[in-house]
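Here the protein sequences line up with chains S and B, keeping their order.
Residue numbers in the first sequence follow the numbering used here, run continuously in steps of one, and reach 355 at the last position.
Residue numbers in the second sequence follow the numbering used here, run continuously in steps of one, and reach 951 at the last position.
Wrong hints could be hidden among the right ones.
With a straight-line cut-off of 25 angstroms between C-alpha atoms, the simulated SDA-like cross-links for lysine to any residue are [as the list claims (entries may be wrong)]:
(1) LYS78(S) x ALA445(B)
(2) LYS45(S) x SER815(B)
(3) LYS202(S) x LEU709(B)
(4) LYS141(S) x PRO254(S)
(5) LYS78(S) x GLY726(B)
(6) LYS199(S) x TYR263(S)
(7) LYS58(S) x ARG808(B)
(8) LYS207(S) x ASP191(S)
(9) LYS227(S) x ALA713(B)
(10) LYS230(S) x ALA445(B)
(11) LYS45(S) x LEU75(S)
(12) LYS347(S) x LEU532(B)
(13) LYS109(S) x LYS124(S)
(14) LYS228(S) x LEU532(B)
(15) LYS227(S) x GLY726(B)
(16) LYS78(S) x ALA440(B)
(17) LYS228(S) x LYS109(S)
(18) LYS227(S) x LEU709(B)
(19) LYS78(S) x ARG636(B)
Please keep in mind that the hints were generated in silico from the structure rather than gathered at the bench.
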Amino acid sequence: MHTKTFVAAAVGLGLITLSACGSSSSGGQSSGDSKTVTLVSHDSWAVSKSVLADFEKQSGYKVRVLKSGDAGQAVNKALLTKDNPQGDVFFGADNTLLSRALDNGLFQAYEAKGADTVQPQFRVDPGKHRVTPIDYGDICVNYDKAYFSKHKLTPPQSFDDLVKPAYKNLLVTENASTSSPGLGFLLGSAAKYGDGGWQGYWKKLKANGVKVVDGWEQAYNQEFSGSAGGKKAKADRPLVVSYASSPPAEVVFADPRPSTAPTGVSYGTCFRQIEYAGLLSNAKNTKGGKAFIDFLLGKEFQQDMPLNMFVYPVVEGAKVPKEFTEYGPAAKDPEAMAPTKIAANRDQWVKSWTSLVLK
Amino acid sequence: MGLPVAFFALFFAWPVAAIVARGLRADGTWHLGRIADVVARSDIRHVLWFTTWQALASTALTLLIALPGAYVFARFDFPGRQVLRAVVTVPFVLPTVVVGTAFLALVGRGGLLDELWGVRLDTTVWAILLAHVFFNYAVVVRTVGGLWGQLDPRQEEAARMLGASRLRAWRTVTLPALGPAVAAAALMVFLFTFTSFGVVQILGGPTFSTLEVEIYRQTSEIFDLSTAAVLTIVQFVAVGAILAVHAWTVRRRESALRLVDAGGTARRPRGAGQWALLAGVLATVAVLLLLPLAVLVQRSLGGSDFGYYRALTKDDDTFLVPPIEAIGNSLQYALAATAIAVVIGALAAAALARRDAGRLVRGFDALLMLPLGVSAVTVGFGFLIALDRPPLDLRSSWILVPLAQALVGAPFVVRTMLPVLRAVDARLREAAAVLGASPWRVWREVDLPLVRRALLVAAGFAFAVSLGEFGATVFIARPNNPTLPVAVARLLGRPGDLNYGQAMALSTILMVVCAVALLVLERLRTDRNGEF
Chain S
-3 MHTKTFVAAA VGLGLITLSA CGSSSSGGQS SGDSKTVTLV SHDSWAVSKS VLADFEKQSG
57 YKVRVLKSGD AGQAVNKALL TKDNPQGDVF FGADNTLLSR ALDNGLFQAY EAKGADTVQP
117 QFRVDPGKHR VTPIDYGDIC VNYDKAYFSK HKLTPPQSFD DLVKPAYKNL LVTENASTSS
177 PGLGFLLGSA AKYGDGGWQG YWKKLKANGV KVVDGWEQAY NQEFSGSAGG KKAKADRPLV
237 VSYASSPPAE VVFADPRPST APTGVSYGTC FRQIEYAGLL SNAKNTKGGK AFIDFLLGKE
297 FQQDMPLNMF VYPVVEGAKV PKEFTEYGPA AKDPEAMAPT KIAANRDQWV KSWTSLVLK
Chain B
420 MGLPVAFFAL FFAWPVAAIV ARGLRADGTW HLGRIADVVA RSDIRHVLWF TTWQALASTA
480 LTLLIALPGA YVFARFDFPG RQVLRAVVTV PFVLPTVVVG TAFLALVGRG GLLDELWGVR
540 LDTTVWAILL AHVFFNYAVV VRTVGGLWGQ LDPRQEEAAR MLGASRLRAW RTVTLPALGP
600 AVAAAALMVF LFTFTSFGVV QILGGPTFST LEVEIYRQTS EIFDLSTAAV LTIVQFVAVG
660 AILAVHAWTV RRRESALRLV DAGGTARRPR GAGQWALLAG VLATVAVLLL LPLAVLVQRS
720 LGGSDFGYYR ALTKDDDTFL VPPIEAIGNS LQYALAATAI AVVIGALAAA ALARRDAGRL
780 VRGFDALLML PLGVSAVTVG FGFLIALDRP PLDLRSSWIL VPLAQALVGA PFVVRTMLPV
840 LRAVDARLRE AAAVLGASPW RVWREVDLPL VRRALLVAAG FAFAVSLGEF GATVFIARPN
900 NPTLPVAVAR LLGRPGDLNY GQAMALSTIL MVVCAVALLV LERLRTDRNG EF
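Working from the sequences, and respecting the hints, build out all of it.
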């Protein structure tokens, strides 16, 4: 009977599927296994296969990676599971989230080998060493070169420029309460104009026609006329809040590669973001976790990072690929803010920003 | 009955209760006063109001546009009917990230409406409503159309022969029979639009916020678990109330229907009116459903010589595997999820359909639908703190993906099967039992032949939902075996032409895989009835 054949086939297929999934994942099941070190990170984590293989060969540990959503989500999940963590090392808490992680006791102390090679301006948590800085990036306004040359207009260079009439209705940014570049841009303006001045700045920005969308993907791929996605979507905003490293990405991820980047960076609008890694409290494999943090600070990983995660290395003397030096060097004088100050003001600022800009 | 109850208790009720308790309990005491505080906030009330009215409007608009479609697909025979019925289901299963992008090409700047009439709907509520129609069209066509096709047209003809007007015959014969199915479809559409997340975020912009978006924000970004817990309770109560009302109305309208094979009820359209109806439905489908999908395909073809597709087969350090392997991962997960959902859902539906089912069992009917109305982020965070001890430390196990997907798939199985199961004439079962058949044999000989069509439709739905599921899947996402929607989202999260193109190419592949899966099911059900 047809029905029986069908049921038998379905059951058989199901069993094959189950066993196939089972065998492919049985390798790294037990995170307590002293041969396995488990990294918990956000979705942007990336590393070259060969570099990770080198670590596995030299240290004898197998690396298991759990990606856990965007940076905020990943930190929150790690906090929820603090007593019984999913892994040994957490990578990806940035300076906007760091205090939340430290105040809640997410990490245990470990001073990484090579901590003395980190450029001094990135070091935090002196004496305690609960986290290790791994990389940094700059959130900056990007501009569409073609638009500005076509309209014979100089691209804006600073926060002040963005409120000038010449740039009316050109900028798109992200919702500061749901998007990390959106928050970075808000914090940049707060660092620039001070606790009392940033609201006035945003009033002018709003009057000058800034558009706010919910996330980076929409802003960059759908509204920004300079990006690959934006061109296809006939986007009409030539200014977007993104990263200093976005122009190199437009070159690297193009086939054939263009001779120059189609987009540029307004360096006077940058906010610096630093990402940290730490050994999780209650980690089951502390030894492996420590070895992995050492690896993150090693030259091989530091030099591999830029083209994988589009961030800059923090250790002294790490080489940055030519695409970065040519199309998207880090900002020389970015706005910055201490994690404690961010933690103290963040929620209040986002709240007043929301009622000021979105309502 | 025991298995479905245990399944939902363990993988739904417990995790949700755990995360809600985490938000409302501190230092061993409950802080229920928080509920009143949060609900009294004017911004929260604004969210509640918007959530409700946009869901009502979306449901009404979807029914208005999709019911003629359900009729046409059920009653008219035309070339390409099966392919089209499979294709209209595709939007329902594609991740909103992808389709939002495509939908903007229709209603956004430089989109079709803009070029024809200079109308731009992005960041207006109209974009949200239309996108909801786009996503939920298939729910109505499949749920209502599925039953419509099996109604015996001779009953309506008999009424007309006895002197009833066409309208009256339809109103007194067909409409009451369809009632439960229409209510079920409306309920599902309402649930999906009430808990809408991606569509509202992408097309509405940051000024529109539904409860679901707010729960996500409070949990994931602000980490205010107590506010999130209150909002979860509010959403839970609202959804529960709607489901209770629905269960009540459905029971009132239940009646044994005469079901026939759908193959015999469809015929070629006759007369100008029917041809016009067919043309109108096909035009709607083309503009509202096919066009946005076509944009995806078009954007995936950029570059030279299928460059985006070829790039998918190369090793990629973001995933540590070529992105193309996501297809295999997705199919494996979806098959496992479908198997679980069909077993759980069919058992539950069978228990619910019994005439002697008590009040308690019938109450379970409404409870089964709750997973569709609770936010994925709540369930996901609940998994993290509830299923974290052996033997149930499932947080990093692959099985969590199909389990979470089955949670969403099982209500579809129940919803699709229940109206048909309830419509089976109880006297058939009684006759079989009197003649000495065992309960299992009664089910196999009486119920199964009548419901297998519904079972396959249900399985197809569960499979398709699992393929496109995103919210729960990202939680356990392992970098070396991402599913298609996860891979698409990661590619879209990086700048550059090749990443964008690959995301479009993978979306196109996901679309084709879904369409093929649905087509196979369409074929399966006709093959087994020997009508094709």
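Here's how the hints hold up against the structure:
no., hint, in the structure
1, LYS78(S) x ALA445(B), "holds, 17 angstroms"
2, LYS45(S) x SER815(B), "holds, 22 angstroms"
3, LYS202(S) x LEU709(B), "violated, 37 angstroms"
4, LYS141(S) x PRO254(S), "holds, 13 angstroms"
5, LYS78(S) x GLY726(B), "violated, 44 angstroms"
6, LYS199(S) x TYR263(S), "holds, 22 angstroms"
7, LYS58(S) x ARG808(B), "holds, 23 angstroms"
8, LYS207(S) x ASP191(S), "holds, 23 angstroms"
9, LYS227(S) x ALA713(B), "holds, 18 angstroms"
10, LYS230(S) x ALA445(B), "violated, 51 angstroms"
11, LYS45(S) x LEU75(S), "violated, 29 angstroms"
12, LYS347(S) x LEU532(B), "violated, 36 angstroms"
13, LYS109(S) x LYS124(S), "holds, 15 angstroms"
14, LYS228(S) x LEU532(B), "holds, 17 angstroms"
15, LYS227(S) x GLY726(B), "holds, 18 angstroms"
16, LYS78(S) x ALA440(B), "holds, 17 angstroms"
17, LYS228(S) x LYS109(S), "violated, 47 angstroms"
18, LYS227(S) x LEU709(B), "holds, 22 angstroms"
19, LYS78(S) x ARG636(B), "holds, 21 angstroms"
Checked against the numbered hints listed earlier, the structure breaks hints 3, 5, 10, 11, 12, 17; every other hint is satisfied.
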